[in-house]
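Chains as they are written, first to last, in our numbering: chain H, 38 to 351; chain P, 38 to 351; chain F, 38 to 351; chain D, 38 to 351; chain B, 38 to 351; chain C, 38 to 351.
Note: identical chains are not told apart, hence a pair may lie in one copy or across any two.
Straight-line alpha carbon distances no greater than 20 Å define the calculated DMTMM-like cross-link-like pairs of lysine to aspartate or glutamate that follow:
1) LYS230 <-> ASP246
2) LYS300 <-> ASP279
3) LYS241 <-> GLU216
4) LYS230 <-> ASP207
5) LYS212 <-> GLU239
Derived by calculation from the structure, the hints in this document are not laboratory data.
Protein chains: 6
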Amino acid sequence: MEDTRIAILAGSASARLGSAVCTLLDLSPVACDARRFPDGELYVELAQSVRGTDLFLIQATSPPVDQHLIELLMLADACRRAGADRLTGIIPYFGYARQDRRAGRCSLGARVAADVIASAGFDRLVLIDAHTPAIEGFFAVPIEHLTAAPLLAHAVATSLPAPSVVVAPDLGAVKLAREYARLLHMPMAVVHKTRLDGEAVEAKAVMGDVAGRSPLVIDDMLSTGSTIEAAVATLRAAGAIDPVTVAVTHALLVGPATDLLPKLGLARIVASDSVERDGAANLPITTESLAPLVAATIRHLHRDESLSETRYPA
Amino acid sequence: MEDTRIAILAGSASARLGSAVCTLLDLSPVACDARRFPDGELYVELAQSVRGTDLFLIQATSPPVDQHLIELLMLADACRRAGADRLTGIIPYFGYARQDRRAGRCSLGARVAADVIASAGFDRLVLIDAHTPAIEGFFAVPIEHLTAAPLLAHAVATSLPAPSVVVAPDLGAVKLAREYARLLHMPMAVVHKTRLDGEAVEAKAVMGDVAGRSPLVIDDMLSTGSTIEAAVATLRAAGAIDPVTVAVTHALLVGPATDLLPKLGLARIVASDSVERDGAANLPITTESLAPLVAATIRHLHRDESLSETRYPA
Amino acid sequence: MEDTRIAILAGSASARLGSAVCTLLDLSPVACDARRFPDGELYVELAQSVRGTDLFLIQATSPPVDQHLIELLMLADACRRAGADRLTGIIPYFGYARQDRRAGRCSLGARVAADVIASAGFDRLVLIDAHTPAIEGFFAVPIEHLTAAPLLAHAVATSLPAPSVVVAPDLGAVKLAREYARLLHMPMAVVHKTRLDGEAVEAKAVMGDVAGRSPLVIDDMLSTGSTIEAAVATLRAAGAIDPVTVAVTHALLVGPATDLLPKLGLARIVASDSVERDGAANLPITTESLAPLVAATIRHLHRDESLSETRYPA
Amino acid sequence: MEDTRIAILAGSASARLGSAVCTLLDLSPVACDARRFPDGELYVELAQSVRGTDLFLIQATSPPVDQHLIELLMLADACRRAGADRLTGIIPYFGYARQDRRAGRCSLGARVAADVIASAGFDRLVLIDAHTPAIEGFFAVPIEHLTAAPLLAHAVATSLPAPSVVVAPDLGAVKLAREYARLLHMPMAVVHKTRLDGEAVEAKAVMGDVAGRSPLVIDDMLSTGSTIEAAVATLRAAGAIDPVTVAVTHALLVGPATDLLPKLGLARIVASDSVERDGAANLPITTESLAPLVAATIRHLHRDESLSETRYPA
Amino acid sequence: MEDTRIAILAGSASARLGSAVCTLLDLSPVACDARRFPDGELYVELAQSVRGTDLFLIQATSPPVDQHLIELLMLADACRRAGADRLTGIIPYFGYARQDRRAGRCSLGARVAADVIASAGFDRLVLIDAHTPAIEGFFAVPIEHLTAAPLLAHAVATSLPAPSVVVAPDLGAVKLAREYARLLHMPMAVVHKTRLDGEAVEAKAVMGDVAGRSPLVIDDMLSTGSTIEAAVATLRAAGAIDPVTVAVTHALLVGPATDLLPKLGLARIVASDSVERDGAANLPITTESLAPLVAATIRHLHRDESLSETRYPA
Amino acid sequence: MEDTRIAILAGSASARLGSAVCTLLDLSPVACDARRFPDGELYVELAQSVRGTDLFLIQATSPPVDQHLIELLMLADACRRAGADRLTGIIPYFGYARQDRRAGRCSLGARVAADVIASAGFDRLVLIDAHTPAIEGFFAVPIEHLTAAPLLAHAVATSLPAPSVVVAPDLGAVKLAREYARLLHMPMAVVHKTRLDGEAVEAKAVMGDVAGRSPLVIDDMLSTGSTIEAAVATLRAAGAIDPVTVAVTHALLVGPATDLLPKLGLARIVASDSVERDGAANLPITTESLAPLVAATIRHLHRDESLSETRYPA
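Go ahead and model the full structure; you've got the sequences and the hints to work with.
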């Protein structure tokens, strides 16, 4: 597509990331008027022509998730109708991904979100550490599924004391934990729920050796902090020692998170900027930007270059 | 479908209407657990089996529109996956309907909303006074497009002094005004924007005879009240007299509406309960329930009876 | 798409317009053998290669509407199978557009026509003053909805005496009337049906001030002339004076039109060439060609240039 | 579907056949108002409710093919939107079937027709001796492909003198000829085009022994008569003797047919009533009605009975 | 659907299971002629009518996976075209499920398989312990995802000595291991690959306490046995004691499995009959039939009863 | 597409043909790792980037047909997800094509195969002498249907003694026979089944004059040889003389073919290389490569040149 003009449009959920990506690519984002009417309906209008462009639309479906999801659709629709030649959606954080299976008469939320996004007519989507790796199969269009693990592993590598251990705070994170363990040449452990006695309530247990080790608790997302809270308590009970470090791709920090996390005695939280938020001054959080990863992906896709190095770094 | 079991499920935007419909049909609504996680993601789970039912899902896409739209999808998905035999969506108020054409590089919001709803797999939809009558064509599935005009016309009929005039507050409402004029045997007029002189700004003008007449201003929706405000001022300047009555199907009353409307000296506002809201104690508003209309429609559809009488009352 | 070859193919309903567009663009139309077998089946075969072209297919679905509609499909199918790279349909007149809502157990004709056209696999469609502006939402593919109003307003501007008034001959034409009023800096009025007394039959009435004014009756289409006939009678009864001018985008002139219209004492009828017809020598009709508008649209689309100026002229 | 109400609707191309089928099933056809506006647009409206019915729509796409095709769509759309529970299309003659392959930059007319029909949302289609048996694969919905060969073979059986021969008038009819030969225990021959010498023009030749035999020329359709004319001349040159009989499922008799056929000295033409036409008094044509076959098919489908006996009679 | 006739059809991959299910339901399976031509093409023909039935088609896509997959399609196509009213596919083992994400320029095999199956037009699918729980989202149609874990856990419960431990032989099995641990009130452990030193090769490690415990190694499938082999060696090295028990839903036993497994000193292998195979006389394998689970599911679906008890047993 | 990079990928069924095509086009085929796991599941991974390429995927669905069909899908999926800009499938032999109509409750195998292939997302397909010419209509995407008849006719032309006759061995091959007859300026005949007497069994008969002529038996495919065997016997009984030559596009030679054919005393069998096989040393078979035809087609498609000369050679 190198003979077409490249264009980058960022929605309100990813305005800063979009801006950083544009700076790296030496481009101006597509000017766009997006506003809410008094009844809450969103109106979007592109302020410049995108006809014939190779358009990349960046928008996380982070909280408020429904609004950001509909905004993603409205922007995509505007781009498609305005004649974008190719439309690639870049969704740094994919909301509703945890509803990837049903355990009763519930909805399959991740598929609903996928279908909604698909209805907008993207040619390709780029996701980053979606909760379900199998999310790729929820879409008919090709998915480029990137990971922030190397970025975050590199960021924490020097500050981890020896001996350390990578810890998955629940069973859903074991594969990501292995990825960190592989990158950092560290052992791993996993915190999980157990209920050995039929009558007793569930308790947390640790699989793997954490005694005397300093844990790096990793996860794809940090939401209310309750999973981390339980994991840290379990780890300490099992003999893990300070400092305790946390690395997550998506730092949502919703609900009680900003109250709860400061009480945990965490040495450091490292997260990407997939979810944009203000404040959190009371947290020892450092943010690693996804902008270089996203910019490189856009550059490769636009130039029809292989993504292998970007998607699967050594 | 009379050999199947009927089931009615109401979303959070239409809980009261759904309850009233169930009372009229002597049914209990399907019990459903719908809640938001701390990150704002919606989770819905039906508390009882709907397998093999003829299911009617009632949910307006009223403000907050994006949340109500996604809730509609999630509920529909849960019903479909749980084995509902036929799924009819009843959308008393259809948000984003005003974005039914593009005038620049904007999105076609009504089609985006339609596509999103279509992705949920409804077999049939029931709409009530959607902003665009042609909305029927935005969907592949059959639409039953009902109108509240007879209900509201009947409600205001006795309180209108002679001589009165039905007034469309803008050009978009002329066909609905004609419907009221036909039902009430009254003349009609229309307020519209004009700009006779190239340099001058736009002004409002009235087509039709309103001097010495008491206006019944009608519209499909009452949002911030600004359209009504401008219409009333123009009508008074053109000689219309008190009382001024307003009849609208959808009373959103958002933004400045509750401040602005009390200042207009309206004698009465009549609206349906398509949009559920609290308060508005300072407004002379009376509400006519759509429950009988919706209940009759459900009964006819379930029994495979003709809707003609319901859809096109004399 | 400027790196691809442009190709223009005109169907039998738009042969003259297609030829005029080609002249403006300095191109030869794609040679095509389209003939009817003795049983009435259409056979089309392109006489030259269109592989890899940016192909624009021009065909109105004017009367005989079913034949022209099927011809549009057959030509599109031939182009697509022969390897056209991009296929844009230009439909100067869109038949069946008035069947845009149902009022009984009828078909939704406009959607049927839209689905039929969609089945041919166009990438984009260009319409001109379709009866329903919301027709855009009937299609999944992007629509460029052009208007001939500026062209026709310009054509009548100098011949209208002062004072004049733009008149919509029925409620369906009010928005188009406002557009003319805006372009010509004139007031507007609307003729509409009324039935003030429950027992009486319907009568025509005028909203707006027409006494002593010379009317410019506008509409999207002029079919049998009966709407114009009723409007002119009503206007004269309300005091409107000669000359009476008519401006319509689509002059179908079917059925009794050529008998009826000469009796109305019209000073002038201005129409576009969206519908091709012979004769009408007994009518004071002048035709403004859409060729420059269509040619400019093709040029912009092919060069990936913005259509804003073309679609929404000041 | 026996617990649902059966309903039969016949379009204008199959009014008589529909009426005969209804008589056999002791049903009244669905009343329907179908008319053309002065501009030729079709308007259809069902005069009675079909909600919840098992609806069978009978409409040939015989000449005028485009109008009959669009009427089929409009009727189907009206039925679907009016709530028919199941919609089966019965197409006694399928127009455009001969365009079943491309030999240049032409359209694939049979697929275009199939796609157009598919867009109307049928659940199942019933065809009778479509030109291409493989037409079944052009549709995603299930096809019941019936044949009139046993009906017509039975009709001619007693009037054929010995020795007779079944003749395919071109290569496309050989499989149908074998079917007749099998049913009538007769030998077969085929007339085909040949060009033995590179420079010479094409000539007709006969494969198979026809000398001293009385031919039964069979075909799926009889259009202008030119194929029959050439076959009869070739057969006589090869020694075939009178009487010459013709059996065809679809007697279109268009163009020069009614002039040309009387000159051929045919003893008898037997055809089905798949195509409705007036007159042809100067032809020795007898018509066998498809009504019993169609009525039996409807009855079996409605009762969920096997069609094997109907589709593949011994 | 209780007013329709139920029908059960089993493909060649699930003939015994289908037969057992039919016995439990007191039904005869649909007779079907399915054979391979000398060129390997499959031909299927139903020997009795299925028109109007509620049809359940049972076919695992076990090895030879491609043939079984195509057979599933062919059977489904035959059923659909022959008029089955509702078509439910029951796939006891879902092949290609492990290709649920891409790690390079490979295909997304699980989605390819899902798309292929979807093209056959099922109304609903029933899967059993598919490798990816998120497989539900790969399909648009509703999925009932059953598990054999309670069945297998019950089968091994009495033969496990104390103390025992449930072991996931790799990270992909941890959630299934937790399910077994929950059902059996046992602790759990997981074997995983590790590479602590950058230069060193990968080694297996155990997370969780297995010393002095008798392991129950569980997995969704047992293919070549190499995963079990490595796990058992690692467990023994970590102090686990005999007896070693294995429980898997799908016992494929391909390649070196029947050579390798006897050498491992396993006390017992418990598996379901999702994959049909002959022999394995040299293995201590016992088979628990899925027939009761499948029969109950069919009975509930046919009667429109809730599946909750079946899908999510306590 | 000449501004994009061309890429050619050959599946295991067409490795030699792909290699020959690449040689003619002076290209290297895309390196690809395609292997079967021990359980028979196919895994494919492209070893080099195809992003932005104009990709041609060559794979016959020859025996083992199901594996080759799934491989075609897997390769296509890998190409599409890896970013191929345009994906053209070249299927030298299309399996399941004979199941192009149903004669009972069987599946419509050719449509099943077509749907499966369509699910892989090709932009265009190239077929060669598919059994059903109407196969084009089974697909929504454009089909280029090539023929090997000129190639094979040219190959046999000089070795045929005078007088010769082109023979179709059954009715399905008559149109192909006419094509050979036209190319070689020879008469034609056809062998067919007949059953003149109701009680007697079927017998073979010849239409056309073969006595004293040397037959060229042609067909689209040579499978087990039984059709040829019966034809040769019938021809000899009817007086045909040696040498007997056979020309077929697709030489499958399965089942008893290599035993049966040597006994027929055939002078020569000429076939294309659409189906790759080893051996057949005991047969007088010569192979004409399709590589020049395929290479020319690829070159033309890539350069957006007309295919007319290639598809319809004089």
